[in-house]
Structure formats: structure tokens, C-alpha cells
Amino acid sequence: MKPRQQRMLAVGLAVLGVAIAAGLTLRAFEDNMMFFVDISDVIAGEYPEERNFRIGGLVVDGSVMRQEGALDMSFRITDMRCELGVEYTGVLPDLFREGQGVVAHGAMGDNGIFVADKILAKHDENYMAPEVAESLAKHVDEKTQTLREGTTECEQP
Amino acid sequence: MIPELGHFALILALSLALCQALLPLIGAQRNDATMMSVARSAATGQFVFVAISFGCLTWAFLQDDFSVLYVASHSQLSLPTPYKVSAVWSAHEGSLLMWILILAGWTLAVARFSGDMPQKLVSRVIGVLGLLSVGFLLFALLTSNPFERLVPAALDGADLNPLLQDPGLAIHPPLLYIGYVGFSVAFAFAIAAMISGELDQQWAKWTRPWTTVAWLFLTMGIALGSWWAYYELGWGGWWFWDPVENASFMPWLIGTALIHSLAVTERRGLFKSWTLLLAITAFSLSLLGTFLVRSGIIVSVHAFASDPTRGFFILAFLGVVIVGALALYAWRAPSMDSSAGFALLSRETFLLLNNVLLVVATTVVLLGTLAPLIVEMLNGGKISVGAPWFEVAFLIPMLPLIFLLGLGMHTAWRKQASDSWIRVLRIPAIIAVVLGIVIPLLFYGRVSVMIAVGCILAVWMVSTALVLPLRSWRREKGTAGITRSTLGMSVAHLGMGLFVLGATVVSSFGMEADRSIRIGESLELAGFEFELRELRQVQGPNYSAIEGVVEVRDGGEFIGTVRPQKRQYLVQKNWMTEAGIHSSLNKDLFVALGDQLGDGVWSIRVQYKPMISFIWIAAFVMALGGVIAVSDRRYRVPVRGRQDANDVVAEAV
Numbered sequence: 001m002k003p004r005q006q007r008m009l010a011v012g013l014a015v016l017g018v019a020i021a022a023g024l025t026l027r028a029f030e031d032n033m034m035f036f037v038d039i040s041d042v043i044a045g046e047y048p049e050e051r052n053f054r055i056g057g058l059v060v061d062g063s064v065m066r067q068e069g070a071l072d073m074s075f076r077i078t079d080m081r082c083e084l085g086v087e088y089t090g091v092l093p094d095l096f097r098e099g100q101g102v103v104a105h106g107a108m109g110d111n112g113i114f115v116a117d118k119i120l121a122k123h124d125e126n127y128m129a130p131e132v133a134e135s136l137a138k139h140v141d142e143k144t145q146t147l148r149e150g151t152t153e154c155e156q157p
Numbered sequence: 001m002i003p004e005l006g007h008f009a010l011i012l013a014l015s016l017a018l019c020q021a022l023l024p025l026i027g028a029q030r031n032d033a034t035m036m037s038v039a040r041s042a043a044t045g046q047f048v049f050v051a052i053s054f055g056c057l058t059w060a061f062l063q064d065d066f067s068v069l070y071v072a073s074h075s076q077l078s079l080p081t082p083y084k085v086s087a088v089w090s091a092h093e094g095s096l097l098m099w100i101l102i103l104a105g106w107t108l109a110v111a112r113f114s115g116d117m118p119q120k121l122v123s124r125v126i127g128v129l130g131l132l133s134v135g136f137l138l139f140a141l142l143t144s145n146p147f148e149r150l151v152p153a154a155l156d157g158a159d160l161n162p163l164l165q166d167p168g169l170a171i172h173p174p175l176l177y178i179g180y181v182g183f184s185v186a187f188a189f190a191i192a193a194m195i196s197g198e199l200d201q202q203w204a205k206w207t208r209p210w211t212t213v214a215w216l217f218l219t220m221g222i223a224l225g226s227w228w229a230y231y232e233l234g235w236g237g238w239w240f241w242d243p244v245e246n247a248s249f250m251p252w253l254i255g256t257a258l259i260h261s262l263a264v265t266e267r268r269g270l271f272k273s274w275t276l277l278l279a280i281t282a283f284s285l286s287l288l289g290t291f292l293v294r295s296g297i298i299v300s301v302h303a304f305a306s307d308p309t310r311g312f313f314i315l316a317f318l319g320v321v322i323v324g325a326l327a328l329y330a331w332r333a334p335s336m337d338s339s340a341g342f343a344l345l346s347r348e349t350f351l352l353l354n355n356v357l358l359v360v361a362t363t364v365v366l367l368g369t370l371a372p373l374i375v376e377m378l379n380g381g382k383i384s385v386g387a388p389w390f391e392v393a394f395l396i397p398m399l400p401l402i403f404l405l406g407l408g409m410h411t412a413w414r415k416q417a418s419d420s421w422i423r424v425l426r427i428p429a430i431i432a433v434v435l436g437i438v439i440p441l442l443f444y445g446r447v448s449v450m451i452a453v454g455c456i457l458a459v460w461m462v463s464t465a466l467v468l469p470l471r472s473w474r475r476e477k478g479t480a481g482i483t484r485s486t487l488g489m490s491v492a493h494l495g496m497g498l499f500v501l502g503a504t505v506v507s508s509f510g511m512e513a514d515r516s517i518r519i520g521e522s523l524e525l526a527g528f529e530f531e532l533r534e535l536r537q538v539q540g541p542n543y544s545a546i547e548g549v550v551e552v553r554d555g556g557e558f559i560g561t562v563r564p565q566k567r568q569y570l571v572q573k574n575w576m577t578e579a580g581i582h583s584s585l586n587k588d589l590f591v592a593l594g595d596q597l598g599d600g601v602w603s604i605r606v607q608y609k610p611m612i613s614f615i616w617i618a619a620f621v622m623a624l625g626g627v628i629a630v631s632d633r634r635y636r637v638p639v640r641g642r643q644d645a646n647d648v649v650a651e652a653v
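Chains U and V, in that order, give the protein sequences.
In terms of our numbering, the first sequence opens at residue 1 and continues consecutively.
In terms of our numbering, the second sequence opens at residue 1 and continues consecutively.
Don't take each hint at face value.
To be verified - The list that follows gives simulated cross-link-like pairs (lysine-lysine, DSS-like), each with its CA atoms no further than 25 Å apart:
id, chain 1, residue 1, chain 2, residue 2
1, V, Lys205, V, Lys120
2, U, Lys118, V, Lys205
3, V, Lys415, V, Lys205
4, U, Lys138, V, Lys382
As the list claims (entries may be wrong) - Over 10 Å on every C-beta distance to chain V, these chain U residues come out as not near it, computed from the model:
id, residue
5, Ala21
6, Asp31
7, Gly45
8, Glu98
9, Lys138
10, Gln145
Because the hints were derived from the structure by calculation, they are not lab data.
Beta carbons are placed, not taken as given, at the ideal position from N, Cα and C, and that holds for glycine.
Bound conformation, chain U alone:
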């Protein structure tokens, strides 16, 4: 093959490959990406229905409940403004504790309780997932603001 043809072949193959890959991957992307939703937004009803999403916040002190001897457990999670109940069945990560930041994957159940299929607690104590930190900071700011102005609590629809 002449160099010119070689180059054409290379470019042609590359373009074809990238186009096919891009098409297929974009389709897969639609199905597999997961949104992170603020707990306040979940309470206000603004969350993707019929698909999984992620929430994150602090585990409320004293809220962890479990049935004696069973794998099922529940706890409440807060973004410093609203609280949401979470149900989970399975082995918890080592750093899961009351007062700690956690991220949960799952979907909303019928009763306004988040049903988690996966719970993540970070393995460095000083580290908090940026989206959780951001969500907490936002609501703490709001709170100081509203304390000054003397208004609102968690809004429910």
C-alpha cells in the first residue's frame, strides 16, 4: 500500500471505530449513570422515579435500628436540613457509624423510605465525598441565614 492509502485506511478505520464505540457507549451511558440527589430535594419530591440514584449525608445520631439477629436495618440520614429514612439489608461497611458521612445507592420505596442496595462509607476518616460535603455546607449556610431571618424548616410537598 502507498503511504497515502495507508493514511486513509488508518483514518477511515479510526473514524469508523470511534463512531461505533461512541454510539454504543452513549446508549449504555443513558442506562447506567446515576444522579446524586440532595436529601432536601428527595423530600420535596424532586428525584428520578423508576430508576436508581444516590443520596449522601450524615447518619442521624440514635437513628440506627435493627431487628435483633436479622440483617435488615434502617437509619435516618440528614443533609442538615431534611431527614430521610433509609432501609438496607446486608453487611455494612466498616466506617459506617452514627454521625458519619455516608453515600447510599438505591431507589425510593412506596412509603417515602429510601431502599438502599449499596452503602458506601469512605475508608479515610478525614475524607468525605465532595458532593456530600457540598450538600451539607449548602444547608448549613442556609440554616445560619434562616436563623438570622427567623424562617423555615424542611419543606414537604
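Go by the hints and put chain V onto chain U.
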């Protein structure tokens, strides 16, 4: 005193690095032999001072010098001595110092093993490496000084993160870094070639072994990291498509492409500018990886607590390196391409396809890793891209790559006659189709399209990789056998085949379950019975633990006891799961203790992982292939006449 010496040595290393960078580069430009001759000695000096500095930090750890902030934050009196050493690179400052040490080590190696190279090329390569050293030394001295004092000194340290107190993690970062940093040598060769405007087959011959060695260390580093995550994080997965994992995987993919493209440049003098571009990309992706890990802009379970100034410095450094290298590339590369031709059915075509597919695979990983950032910047909300996406998207380029790999190995350079080609490949193809369907049916009792595809491709790769070594083994006495280079290639591809087999089987037939259990009870998974015999208290050097004694039986027959632990480290008070694994060649049985559920009941996670050990064995077989390839005699014998003779033999193969 010692820490100040370390700090001072680091500053001296910076001044030597400046000499090492500037004098040889200017000397090479001006044809000044005296200035160029500084290169080797400056490189040696820089290495010595960085090593002293690293030694001082290690000393501070061994002496429990808690007046040093970094030591006080990452060590503790009762920490076992080996972990005091590995604690040196357990966090940002120390691992940056290790990065610098390894870079100086690679530079020293280049200075030492470049006797047969022209002085100009050596000077430029060492000079460019010196520039990189200057960047990293400045980074360390300006933003991340590991010798910073803590006043008043602490009485005891805050301890090493328990997760890092593990032999796997102690050696995984050094190997990974040797690999990452090793690509800077290929990068320096590329820049040197672009500055001089000369790139011949000889250049590729010099660059190749360096690239292969970096690649094989990266391979081992990634494999060890994956192994550590498997048994230490207590989740039982071996690859999570986590950004930090991806950050090490992308340079590996591009490095693999570079190795193959260098082969074409060396043998045929083709793909020159493409090789340069890959060398630049491999190193840039190593830097990008560091940036992603250090800056904390990407969510990851592995992420370190972050510091924005550091992220900014790395980003600026990354910008200078990439923009500088690409500008030079745009200016110089067009004049370098050569015009030799090749037939459609030739090894060149297959290596071209290999490169295209590996680059597509890298792009997939890069997009998936950066997608959360991009979507957020476009105000699309906060998203995460899960492993399922990567698993689908990554396979799209990988499946054809694996299929073509078997073909490409048996295709001649320039032009391959199709009838002899089909004759050679017929048998491996039949073996692959038969075994690929029979293996899963026979051992695991079921098969689906995806399982069959995975197994067929794996067997295809193994059988095609064995053809050349087998033929050489059965050859008539007196005829030439295969070169180490070809043998290395075969072994590395064999490793790849074993990897695909392991990955397919474990992801298709692996099982896991979270259950509750009390002492004396047993549970069943995949035909294995796990009985919790007792729970007892165990004391470690710096932790106390609850240990479960779990007896494993296969159809009533005792096959072993595993001892999963729940450790509490005395200083940080964190609980840590230490999984118990019964490992054999064809399967792992993995048991992790969960939480106490009350009433004497514990939650427990059990997993059945068939053939998972193949994944790590395969990585080491690949690395072994790299070792065999670089031991090829044409990299050792610089005498010209012999060289040409070798090339003829190699071409004939």
C-alpha cells in the same frame, strides 16, 4: 537535625536537577561536548541527594520522630517496623518524594546504560528528565514538604491508616510508581527525537526496552493493587472502575499501544509520528492520574484528603508538559514520516488496528472517568458512572482486539500470503471454538453467548500464543529457534489469554451472599458449606480483633479453615474487616465478618470466586513476557555487524 538534612538534601537535589536539565540541553544545541558531559554526573548527583533525603525521612519514621508533622500523622510507636518503612509512602508528601526518587533512579539508569548511544541524544534525554525532576522537586518543596516540623512535638503519632497496614499495599505503590515514572523515559526519548528532528529505527531500538520495563512494572503494580483491594477492602471485587484505578489503567493501555507501535518503528521505520504521540500521551496520562488522585476533584474511594493548591500546581505542570510537548510535536512530527509501504494483509495492518482499538479503549475509560466532571460543568447535575457502564463500553473495543491479536501474531511483516496464514491458524481456531464451549459446560454446567464468547476468545489467545514457542521447541536440531523477543511476545499474549479466561469465569460463575449466622450454624453457597465454629479474641501488635473460625466443607468433606477477623486498631479506634480466604488454583472461597446483630448473631459475607487467581497469575505472566522480551540479545549487543545479522533473522521470523 536529620529532617533538616533531608530538607537541605532535597534543595541541593533541585539545584543539581537544574544543572542536569539546562547544561546538557544547551550543550546539545551548541554542539558543546563539555556542557553535554555534565549530564551523567549531574544525574548521578541528583539521585544521591534525593536518596539521602528519602533516607532521612525513613530514618525519622524508624526513630519515631514525632516532631515531624508527616511522621506524627502517619505513624505510631507500636506500629510494626516494616509498616514504619512503608508508611513513608502512605500519604501525599512521602509518596511524592518516592516519585522523585524513582524518577532520579530511572535517570541514573539511563545515564548508566546508554554507552552505545550518541552523546547528543543521551544529553537531551537526560536533560528532559532533568526538567521533569525540577518540576516535581519544586512541587515537593513549595507545596508538600515532608520534613515540616510539628511544634510542640507529639508524644505519640496518629497511626497509619489501618487499611494500609498490609504487605500488599506496602509494595504496590513502589511498583506502580516505577511503572508510571518509567514512561517519562519514553517521553524524554520522544522529546529528544523531536528536538533533533532525527528519528530512525535505531532510536526505536533504544527506546523499546525502557518502555517495556516501565510497562511490566505498571502491570505488576496494577495487579497487586487489584489483589489488595480484593482481600483488604472486604468487598471481594477485583476491579471497581474507580477513578484511581482508571488513572493507573489508562497509562497502561496507552503504554501497551506504545510497545506495539515501537515494534513497527523499530522493524519497519513506520508509524514514527504516531509512536511519538503515544509516548507523549502515556506520560501525560500518568500525570493526569496523579492530578486526579491528588486534587480530589473526582469522587473515589481511594482519594486522599485533598488540597487545592496542590491540585493547581499539578494542573499547571500538566498543562506545561502537555502543551509544550504537543507544540513541539506539531512543529516537528510532520517532517518525520517515512514512506515505506505495506500490504493490507501484513503485520503492520494488525498492529495499526491494535493501536486504534487500544486508543479507543483508553478514550472510553477516560470519558467514563471524566463524565461526572463534564456533566457537572454543563450544569447537568451530579452524576456517577457505575461499573456496569464500563463493563459494557470497555468490551466494545476489547473483543475485536483480542480476536485480531491472535491473527496478528502469525502475520508476516510487509505482506502475508493468505493460504499459509489459514493453514497455521486453522488448528488454534478449532481448539478455541471447541474448548471455549466445552470448558464452561463441563466445569460449571452452563453456557451463554457471552460466556462462550469470552471463553472462546481466551482459548484462542492462549492457543495462538503457544504456536510459535511449540514450533520452536519441536524444531530440527541446528535450525534457529525463536528470538527472546518473539518468545516474550508469546508469553505476554498467553498471560492476556489467561486473564480473559479468569475474568470471564469469575464474572459469570461467581456467587456471593450476605447472611446472618450464629456459632455452630452453617450456611451453604455454590455447594460449599461454611460452618462458624467459634469466635475468639485475638491480640495483634497494635490492634485487638475478634476472629471467626469458619470451617469449609465441600460436599461434607473438610477442605480448610478460614479465619476472618474484625480488627479494632488501638489508636484510631476504627474497625477493619480482614477477610478470610481459602485460595486454590481453580477457586477462592472468601469469608468476611460483618457486624454483631445482637442475640449472638453475626452478619457474614461469603463469596465463591472461581478462577479468580488466574487474574493475578495472568498479570505476572504478562510481566514475565516483558522480562523475556527485554532480555533479547539485540538490546545487549551493540556491535554493528552482529546487529544487522540479527535483524535479518528477526525479519525472517
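Each hint tested on the structure:
For the suggested pair Lys205(V) and Lys120(V), the alpha carbons sit about 17 Å apart, so the restraint of at most 25 Å is met. Proximity of Lys118(U) to Lys205(V) is assessed by CA-CA distance (about 50 Å); at most 25 Å being required, the pair is judged violated. Our distance criterion of 25 Å between C-alpha atoms is met by Lys415(V) and Lys205(V), whose separation comes to about 22 Å. Distance check on the hinted pair: Lys138(U) and Lys382(V) sit about 15 Å apart at the alpha-carbon level, within 25 Å; holds.
Some Cβ of chain V comes within 10 Å of the Cβ of Ala21(U); the nearest lies about 5 Å off, and the non-interface call is violated. A beta-carbon of chain V is positioned within 10 Å of the beta-carbon of Asp31(U); the least distance is around 8 Å. The beta carbon of Gly45(U) is kept farther than 10 Å from every beta carbon of chain V, the shortest such distance being approximately 16 Å. Interface exclusion of Glu98(U) from chain V stands, the closest Cβ pair being 13 Å apart, more than 10 Å.
The claim that Lys138(U) is not at the interface with chain V holds, since no C-beta of that chain comes within 10 Å of its own (minimum 12 Å). Residue placement check: Gln145(U) keeps its beta carbon more than 10 Å from all beta carbons of chain V (closest about 23 Å).
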